[in-house]
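We have chain A already, so just place chains B, C, D and E on it with the hints.
Chains as they are written, first to last, in the working numbering: chain A, 230 to 442; chain B, 67 to 284; chain C, 18 to 411; chain D, 413 to 798; chain E, 31 to 248.
Where hints are given, some of them may not hold.
[Claimed, not checked] One-sided excerpt, in silico: chain D residues whose CB lies under 10 Å from chain B:
(1) Glu639
(2) Ser647
(3) Ala651
(4) Val747
(5) Ser748
(6) Thr768
[Stated by the list, open to error] With a Cα cut of at most 20 Å, we get these calculated EDC-like pairs of lysine to aspartate or glutamate:
(7) Lys204(E) <-> Glu214(E)
(8) Lys178(E) <-> Glu71(E)
(9) Lys406(C) <-> Glu680(D)
(10) Lys177(B) <-> Glu639(D)
(11) Lys135(B) <-> Asp749(D)
(12) Lys382(A) <-> Glu64(E)
[Unchecked claim] If you only want the chain A side, here are some residues facing chain C, beta carbon under 10 Å, derived:
(13) Ser259
(14) Arg282
(15) Asp284
(16) Ala286
(17) Phe288
(18) Ala290
(19) Glu291
(20) Arg294
(21) Pro297
(22) Asp301
(23) Gln316
(24) Ser404
(25) Phe406
(26) Gln420
Since the hints were derived computationally from the structure, they do not count as laboratory data. From the three backbone atoms N, C-alpha and C, an ideal C-beta is built for every residue, glycine too.
This is what each chain is made of:
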Amino acid sequence: MVDEELKNEMSKQGIVTTTLQELYNWGRRSSLWPLNFGLACCAIEMIATTMARYDMARFGAEVFRPSPRQADLMIVAGTVTKKMAPQVVRLYNQMPEPKYVIAMGACAISGGPFKQGYNVLKGIDRYFPVDIYIPGCPPRPEALLDAFMSLQKMIDAQQLTGPNRPRHLNADAKSEFIVPKFGEHDLEPAQNSTVWKAPLVQISGTETDKSAK
Amino acid sequence: MNLENIKSEIEANVPGCQLEFVLNPSPSAQHSLRLDHAHAVAVATYLRDAADLRFDFCSNVTGIDWPAKELTEKVKVKKLVDGEEKEVEEVRKTTIPGTLEVVYHLFSVEKKHGPITLRMSTKDRETEVHMPSLTPVWRSAEFQEREIFDLFGVVFDGHPDLRRLLMWPDFIDHPMRRDYVAPDDFEYEPTAHDAVLQRANQHQSEAIAKLASEAEGK
Amino acid sequence: MNLKLDQLDQIFVILNNWLLGYLPPVVRPLCSSILAIALILVTFALLFAITTVLERKGLGRIQNRFGPNRVGPCGFLQPIADGIKSLTKEDIVPNPADHVVHFLAPVLLVAAAFMAYAVLPIGRNMILVDMNAGVLYFFAIGSLMELAVFMAGWSSRSKYSLLGAMRAIAQMISYEVPLVLASIVVIMQSGSLSTVSIVNMQATYTGIWPHWFVFTPWGFAGFALFMIAATAESNRSPFDLPEGESEIIAGYYTEYSGFKFALFFLGEYIGMFATSAMAITLFLGGWSAPFSFLTWIPSYFWFFAKLLTIILTFIWVRGTLPRLRMDQLMNLAWEFMLPMTLLNLLTAGVWHFMPAGALRWLICGAMVVVPCILLSRGLKQRKKFQVRKYRFSE
Amino acid sequence: MSDATNLTAQIDINTIPALGKEQLLELAMGPQHPSTHGVFRMNVVLDGERVMKLKPVFGYLHRNHEKIAESETYLGSMPYTDRLDYICSITNNWAYAIAVEKLAGIEVPERAEYLRVITGELTRLQNHACLLGFLMQDMGASGTPLMYAFREREKIMDLFEGLTGARMMCNYLRFGGCRVDTPAGWMDAARKVVAEFPRFLDEYENLLVGNEILMDRTQEVGILSKELAINAGISGPMARASGVDYDIRKVDHYSIYDRFNFRIPLGERGDVYDRYMIRFLEMRESIKILEQAMRDIPDGPIVDPKTKIRGFRPKPGEAYGRIESPKGELGFYLVSDGALNPYRYRVRPPSLINLTVLEDLCIGQNVADVVVILGSIDIVLGEVDR
Amino acid sequence: MVGKGIIKGMVETARNFLGSYVSKQRLTTIQYPEERAPQIEAARNFPFLVFDGTDAEQGLRCVACQICEKECPPKCIFIEKSKDKKPDATGKMQFYPATFNIDISVCMSCQICVEVCPFDSIKMDVVYDLSNNDRFAGLLLHKQQLAKSNEYYNTIHPTEAAAVDAHFAEERAKAAARVKAAAEAKLAAEAKAATDAKAKSETTLADTQAQPVGGGTR
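Isolated chain A (complex conformation) (with noise of 0.2 Å):
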């Protein structure tokens, strides 16, 4: 591996190095194929980046494939339902590594605006791990573009060795996830453990002025 300041050094004279690593990263990151999969209001902005206003198909991105065992990248776009979350799972399982997840909008990252309904799963991070988080009720395609570009810079950023490697280089990192089976209350389990590591959260749960309100 070349050190960056040899490499500056290099291409000022003219010479471009290219390693292994960064051919790679940069296979990987030119080349996302998302799943073609929308699940609600989210779904349609986006379809508009898609679309020829944005053009989504500038990166390379707009080979929306039907099968997820074709897709790179899950844009998850919605609100994921706990009628819905299996099948999302599911899906997410199919996918073969590496993949990569984006939560588009409020109620992928956290449930949203319905996070309190009975049916509403309060974000998909608690079933699989997600790369990017898209704030916004729906985020606007500018928005879903900048996070596909951040995408692309963290596989830029990464290595394929040492400690940090990404998971689907690492053989003990799992890359299966457990699907939920339904319940006759709740999903069953009602998270994954191991991905979903919820602070605890001392904001308002120690406030008992205000619970006593």
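Frame of chain A, contents of chains B, C, D and E only:
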């Protein structure tokens, strides 16, 4: 189209039916008729087919949950207290039994009039939740009655395909009932209020207790 | 000057001979073939890469947008990135699938698609094998691709794959018939199954006009029918039912991922190039120049120019038309394409036996146009479809 | 590493009674399927490619809108209505506003009515344009018509953003009026968009209306009879394609639609082509309404000054209000018990009720027709499942 | 003739293809990171808090009245009132928010908080490219992130901000007038008290009159 006239017309043509006129005090003045279970289908068929009514378009079917309500009213009662007749205030409690109500909104495509509103109630909310289905009269009620069966738990007798519509088949609750308690998934509520805050706090204390017990176990 | 241009035309042949000159004569034929095969593989793989970009950019332009323009200069490195990604992608074989067949299907598809190039003359004297049954060989190889498709659909054990494979088989077999029949007229006329002699026949000129078969009534009809059938054979829009994404997800390759999926993509495009090249060979004069005064331009240039034109038309059609339905596809094949190709055989016969002149043109032209109108009207009337008038309520 | 489950191994066979024929293929289309317009599932039983049985499965986008609304204030539910039929938020606002106005007896100033009509008809335009695009997408037209439709939609989205601040979730209407008045120059921009819209329609007509493939795929496919349409509660363009002369804009005389001169196109056969063309013609009529409304719009207040934003409590009672949304009859049924939030809040979703006849339309058709029929019904899952 | 419609369609797409090279109408793409669509004034995305002057803490207009917190439909605002007071935009002593959090992973950009705010302190921002990979900390905006200056508000919503500024100027003028009036009243009262005292000493009558109260002491 006066609902009173319609009522008397139905009563004349469907013998034995018991209709109750339900007044709607709001400015919309959409009053309604409450049907009895035994004659509901007959009345509905009459409404659909009668030449001057022709309510052929059942637009909307709604369920409403009325849990048992305890009314407390203070009543002044004359009582003999210590041999003396006195007016005493007494708190009288009356319980209005809970019921599940289904509301149908009808329009006429042919005559272009409407709406009229029909209602039906179940006997209670626990066991006697049956009600005749009007799907044989209006197909449009099919999915809506299924939805009410799903979310309120009203069982429609005579419905061709009464399954849960929105929730999964193994689900056992009826979430639109007002006493439904949603499952506990309040792990992360940074901006919680009121009821949610209580649930979140409860969750939190449980989680902390669990952590503590785990630590003890170790 | 002329000599030089001739050399340019034959540059690959000359280079080949020059390279082989260093080898012992025993291995020369083998090495020659290997060289040519390598060249074909590289050229058409490159053409595949360019076509995917052109298709995506062309569709983009049709749809009022840019299309890929960020990866590499003007987006032309896009296929390379796609390739790298596909190569490094995890390869999933579903547990219930037949692993061996699942693996063999894409390999067979690509192999079959490339094998078809053996008999396609890419330029003057540029052909791998000048087989005297070249056309026959081509269609035989074409059926191999159907086998590959069915293997893919069957081995995946997925319902969508199976539906896709069923559709693909039905479609490909149905269109095989008009495809072959449409090309028979050329064989009748040229009296040869060899692709080289077919092209050589067309590479002569009257004045400045070439003797391409497409410039005869039967040739034109044959070309049109051949192209329709070829579109169906290569599963391109509007006949892309086997992979009709809005209906059956991705058809027979629904369960394929990673490089196997890329191979399917490659195989489909290579197959499409091959059928288009066959159409060029049969009807458009192969590598011959469109005007006699343009013969100085190297022959392979003309071949690729014609190929690119056909590919662009494919892209254009894809950008415009909705997909047909299965039964309509079949109706088209059996009720329109088949009778038309059979009548076209008759036309070609009449053309052959009539003396040259305006009358021949008139009769043969009528023999093509009249049944075409009648058949299409019949098709339309039986289905009773029409543009409708609507009433309004005030 | 590889996944054990097959893609379609999730069929719920219990929902399809066995038919005793071994050649039948059970196929679950959805909930993730490219042409179910979201998360909708159809359990289809196929004989070859012919549909023998079809059972829709709902609830994959059941977001408990009605339950949530019972704990929201009346105004607080307004932004939630945006997310019902998320393609046309303003008509959803409108239906809800009309129901609340009926419940509380609120009058709407004239300018606000005009603004409602203008934004509502713009919504109808973009909904129908998108629908035609999606329908063509389902037929496999590789996105071109959809792209053209979205090109026009973006112009209308710009208008919405200029007026209401958001592209999709406008949250524009208020009880007794509208939220904000038009900013300077907005009306001119809107006039320009409306004036250019017919050009798009012509382009569309050239591209597809006379297309033989389109006609062959849509004519005599998915025929819905007039009687069934009425009995099954079908409303909107779908009912009108079957010849039901019922447009709530004409029947209920709500808002100020009486002032405009427009016609209702009616179909004869009730097949997919009619449903497609009725929407196409409706767009032309909407343009007429828009032109008249933009010509006549008066100055004045945009909201009834008596209505309160906070602490709005209608008297106990109930009301059912409905409008002609682009999808059909969108109704809201509200029961008030005099509190800050509705006691019962019910949406009458045209998309769901129009799906009642899906099985009737699909039986005996080809599997490729199913997606086209579904597309022609024009559903939005946010509204179907709420 | 079959094929006429198809050819018509092909011509249309060809026209668009060629047109994309000459006309902006037929090439509508805005190449996002480099080009951006012109900012629309009414646009809204997430709320922010306006502060006057330069100090975000001191100039914050919010008085922690918690109306927005209550009215927010998805309940994504969390406010904690301060214990002490500070002068607000018009100079009155008011509470201020000790904590003001907005969970933008829940916010639905409905603008109701802006509508109900009586102090013009919460407004809608137009920034949309907020993608983040931090689920918890990255999407919970605190007071420091939310507070943005009035100048910024003026740049993104000029018309609206001008009206608000005018309103505030008026309020401030009124407040100043009130202060002045109060001061005058105080002076007058003092003078009166002096004369009263004088009178009192003369008349020795008990002073039962209430103190005259000036404006602005509320």
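Now for the hints, and whether the structure bears them out:
1. The interface hint given for Glu639(D) holds, since its Cβ lies 9 Å from the closest Cβ of chain B, which is under the 10 Å cut-off.
2. Interface restraint check for Ser647(D): the shortest CB-CB distance to chain B comes to about 8 Å, inside 10 Å, so the restraint holds.
3. For Ala651(D), the suggested interface contact is upheld, since its CB lies about 8 Å from the closest CB of chain B, less than 10 Å.
4. This hint holds: Val747(D) has a C-beta 6 Å from the nearest C-beta of chain B, less than the 10 Å allowed.
5. For Ser748(D), the shortest C-beta to C-beta distance to chain B is roughly 7 Å, which falls under 10 Å, so the interface hint holds.
6. Satisfaction of the interface hint for Thr768(D) is found here, the shortest Cβ-Cβ separation to chain B being roughly 6 Å, below the 10 Å cut-off.
7. Among the hinted pairs, Lys204(E) with Glu214(E) is consistent with the structure: their alpha-carbon atoms are about 15 Å apart, no more than 20 Å.
8. Annotation: proposed proximity of Lys178(E) to Glu71(E) holds, straight-line Cα distance about 17 Å (limit 20 Å).
9. Proximity of Lys406(C) to Glu680(D) is assessed by CA-CA distance (about 9 Å); at most 20 Å being required, the pair is judged to hold.
10. Only pairs whose Cα atoms come within 20 Å are accepted, and Lys177(B) paired with Glu639(D) is accepted, the gap being roughly 15 Å.
11. Using a Cα cut-off of 20 Å, the hinted pair Lys135(B) and Asp749(D) holds, with the two alpha carbons roughly 13 Å apart.
12. With a CA separation close to 17 Å, the supplied pair Lys382(A) and Glu64(E) stays within the 20 Å bound.
13. The interface hint given for Ser259(A) holds, since its Cβ lies 4 Å from the closest Cβ of chain C, which is under the 10 Å cut-off.
14. With 10 Å as the threshold, the beta carbon of Arg282(A) comes within range of chain C, its nearest partner Cβ sitting at about 8 Å, so the hint holds.
15. The interface hint given for Asp284(A) holds, since its Cβ lies 4 Å from the closest Cβ of chain C, which is under the 10 Å cut-off.
16. Evaluation of the Ala286(A) hint against chain C yields a held restraint, the C-beta minimum of about 5 Å falling below 10 Å.
17. Interface hint at Phe288(A): satisfied, since its Cβ lies 6 Å from the closest Cβ of chain C, which is below the 10 Å cut-off.
18. Interface restraint check for Ala290(A): the shortest CB-CB distance to chain C comes to about 9 Å, inside 10 Å, so the restraint holds.
19. About 7 Å separates the beta-carbon of Glu291(A) from the nearest beta-carbon of chain C, less than 10 Å, and the hint is met.
20. Interface hint at Arg294(A): satisfied, since its Cβ lies 7 Å from the closest Cβ of chain C, which is below the 10 Å cut-off.
21. Here the hint on Pro297(A) is kept, as its CB sits about 9 Å from the closest CB of chain C, short of 10 Å.
22. Interface restraint check: Asp301(A) against chain C, minimum CB-CB distance 7 Å, threshold 10 Å, status holds.
23. For Gln316(A), the interface hint is violated, the least distance from its beta-carbon to any beta-carbon of chain C being 14 Å, above 10 Å.
24. Taking 10 Å as the C-beta contact cut-off toward chain C, the hint placing Ser404(A) at the interface holds, the least distance being around 8 Å.
25. The interface hint given for Phe406(A) is broken, as the beta carbon of that residue sits about 15 Å from the closest beta carbon of chain C, more than 10 Å.
26. Hint status for Gln420(A): violated, given a least beta-carbon distance of 26 Å to chain C, over 10 Å.
The structure fails to meet hints 23, 25, 26 from the earlier list, while all remaining hints are met.
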